[in-house]
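S.K.: The lines below spell out each chain.
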Amino acid sequence: MTCEELRLHIHEALDDGTMGALPELVGSHLATCEACREFKDDLESLSRALCALPRLPLPEDALDAVWRETIRARPGASGGRAGFWRLAAAASFVTVLSTATLYLVFTPAPPPGPSAVELARASAQAEMVFGYTARALAATRTATTDRVLASRVSPAVRGANPHPSRRP
Amino acid sequence: MTTNEFEAAVMEHKDRVHNYARGILRDPEDAKDVAQECLIRLWRHRERIEAGIRCRSWLLRSAHNLCIDRLRRRSTHLEAVRDDDAADPTDTRPGPERLTSSAEVAGRLERALLDLDPRDRAIVLLREVEGLAYEEIAELLDLKLGTLKATLHRAREKLRQALAAAEVTP
Numbered sequence: 001m002t003c004e005e006l007r008l009h010i011h012e013a014l015d016d017g018t019m020g021a022l023p024e025l026v027g028s029h030l031a032t033c034e035a036c037r038e039f040k041d042d043l044e045s046l047s048r049a050l051c052a053l054p055r056l057p058l059p060e061d062a063l064d065a066v067w068r069e070t071i072r073a074r075p076g077a078s079g080g081r082a083g084f085w086r087l088a089a090a091a092s093f094v095t096v097l098s099t100a101t102l103y104l105v106f107t108p109a110p111p112p113g114p115s116a117v118e119l120a121r122a123s124a125q126a127e128m129v130f131g132y133t134a135r136a137l138a139a140t141r142t143a144t145t146d147r148v149l150a151s152r153v154s155p156a157v158r159g160a161n162p163h164p165s166r167r168p
Numbered sequence: 169m170t171t172n173e174f175e176a177a178v179m180e181h182k183d184r185v186h187n188y189a190r191g192i193l194r195d196p197e198d199a200k201d202v203a204q205e206c207l208i209r210l211w212r213h214r215e216r217i218e219a220g221i222r223c224r225s226w227l228l229r230s231a232h233n234l235c236i237d238r239l240r241r242r243s244t245h246l247e248a249v250r251d252d253d254a255a256d257p258t259d260t261r262p263g264p265e266r267l268t269s270s271a272e273v274a275g276r277l278e279r280a281l282l283d284l285d286p287r288d289r290a291i292v293l294l295r296e297v298e299g300l301a302y303e304e305i306a307e308l309l310d311l312k313l314g315t316l317k318a319t320l321h322r323a324r325e326k327l328r329q330a331l332a333a334a335e336v337t338p
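So the protein sequences, as listed, match chains A and B. Going by our numbering, the first residue of the first sequence is number 1, and it counts up by one from there. Going by our numbering, the first residue of the second sequence is number 169, and it counts up by one from there.
Rather than coming from a laboratory, the hints here were simulated on the basis of the structure. Hints are not guaranteed to be accurate.
[Unchecked claim] Per label pair, the in silico range of CB-to-CB distance: (1) A:A31 <-> B:A219: 46 to 52 Å; (2) B:R241 <-> A:S28: 50 to 56 Å; (3) B:R241 <-> A:A31: 49 to 55 Å; (4) A:A89 <-> B:R322: 57 to 63 Å; (5) A:S28 <-> B:G314: 27 to 33 Å; (6) A:L102 <-> B:R241: 30 to 36 Å.
The beta-carbon is built from N, C-alpha and C at its ideal position, and this holds for glycine as well.
One chain only, chain A, in its complex shape (with noise of 0.2 Å):
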């Protein structure tokens, strides 16, 4: 096993964290290559001090900045959609609301209903028509009988007629 060959299987042992188990053939070479272990430790050391280095926590003030653009953002911003529907739900409700008093308000009066004298002066006029027809058909059926009764009773009886102007 060449040097970088055994320098690849330490670095794929480093990412498999499988360093404590390394193949016999890589510890063989170990054993006799200085510049290999020395590799292998400056790894081990690197990784150790990557893990540790200072890690800082994010500022209180940008931790408030993103609560502030985020859950203490203005309600109707901060729901979402459910924010988004409950906004067009109150802005309907408020134009239904706002078109129904417009209409209660500016609609005209519906014209005043016929007084009560026209009222009887109306009934009055309609009997009257209804009387003039009642009366033109009371007349109509009594000529209408004396024609026909005039055609079949017998001349004797036509001389009773109690009304001798009236002709058949």
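Please build the complex by placing chain B on the supplied structure of chain A, with the hints as guidance.
M.R.: Chain B only, in chain A's frame:
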């Protein structure tokens, strides 16, 4: 993701996202801004993000993209910072032979990380610092698994050499 889940996710991942951004950008103010923006974006996209591992991946991916954007915008400035770090004649920090404390090692390591390509740095941070699985990193950075491993090996080697050059044993 509900509001409660969002709050829990923020509390769980805020420091992770902040440290990742800090590791990539090496600028505390920029890192703070990126972390803040990521968490606010999480809120805006919460309806299509599940809590848990997916949330962590989403946040780190979002942080990575924001960091790369910022690095692109200030690439000239970053080069200037690197040059200053490398050859500042007024640098009174101790020489490599005196770097003994873990804080000094960490400082050197952070400088060595800064010399890596941003993508290589991201891979090292995600794997070695955040402890993400290779599959998760590959998905997050849109890389093939083989490419990811090869890049990580190369980056480790660069770090090792940089520290060896500074006569620092991590």
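S.K.: Next step is simple, just say for each hint if it's right about the structure.
M.R.: For each hint, the structure was consulted:
As the Cβ distance of A31 of chain A to A219 of chain B is approximately 49 Å, the hint placing it in 46 to 52 Å holds. For R241 of chain B and S28 of chain A, the hinted distance range of 50 to 56 Å is satisfied, since their beta carbons lie about 52 Å from each other. Distance hint check for R241 of chain B and A31 of chain A: the Cβ-Cβ separation is about 52 Å, which falls inside the suggested range of 49 to 55 Å. In this structure the hint that A89 of chain A and R322 of chain B lie 57 to 63 Å apart at CB holds, the actual value being about 59 Å.
With their beta carbons about 28 Å apart, S28 of chain A and G314 of chain B fall inside the hinted range of 27 to 33 Å. Here the CB-CB span from L102 of chain A to R241 of chain B is close to 55 Å, at odds with the stated 30 to 36 Å.
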